[in-house]
Amino acid sequence: MTEFNLYRVYYYSAPQYNWDVRIDLYMSAAAVGTLFFMKTGQPTPANTISGGILRLYYSTRDFPAMMSTLREEKPLFVNLNEANGISTISTSSEPVGEQEGV
Numbered sequence: 001m002t003e004f005n006l007y008r009v010y011y012y013s014a015p016q017y018n019w020d021v022r023i024d025l026y027m028s029a030a031a032v033g034t035l036f037f038m039k040t041g042q043p044t045p046a047n048t049i050s051g052g053i054l055r056l057y058y059s060t061r062d063f064p065a066m067m068s069t070l071r072e073e074k075p076l077f078v079n080l081n082e083a084n085g086i087s088t089i090s091t092s093s094e095p096v097g098e099q100e101g102v
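Per this note's numbering, the very first residue in the sequence shown carries number 1; after that it's consecutive.
Calculated from the structure, these hints are not laboratory results. Quick caveat: nothing in here was measured; it's all calculated off a predicted structure. Every residue gets a Cβ at the ideal spot worked out from N, C-alpha and C, and that includes glycine. Certain hints may be false.
Across the chosen pairs, the derived CB separations fall in these ranges [said to hold, decoys possible]:
#1 N18 <-> A65: 16 to 22 Å
#2 A83 <-> L6: 27 to 33 Å
#3 P95 <-> A46: 33 to 39 Å
#4 A31 <-> G97: 33 to 39 Å
#5 I49 <-> G97: 34 to 40 Å
Between the sequences and the hints, there should be enough to build the whole structure, so can you do that?
Encoded structure:
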């Protein structure tokens with residue numbers, strides 16, 4: 001798992017792209033991953049690593065929940081299991097009843 005502490009969101013209005021939103025993930029100034037939220041009706045590609053940067057793909061319907069996680073949780077980690085292509089955005093262990101976002 002790779003920790004990240006910064007993100008940048010890009011909303012696209014570009015018919016040449018298959019995604020509506022892209023989120024770049026950074027640990028300080030170093031890029032560690034990019035999340036792509038695919039346009040409705042577009043297939044979700046396999047998750048990959050390119051140049052050491054994780055490229056993870058989600059449905060656009062997942063965008064609100066992901067933004068909520070990015071805004072409210074820390075620390076956050078990104079991971080890709082190359083053997084099966086499963087990716088995760090995760091928190092560290094947290095106490096029950098923490099009531100974040102209240």
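Check the structure against each numbered hint from earlier and tell me which ones fail, lowest number first. none
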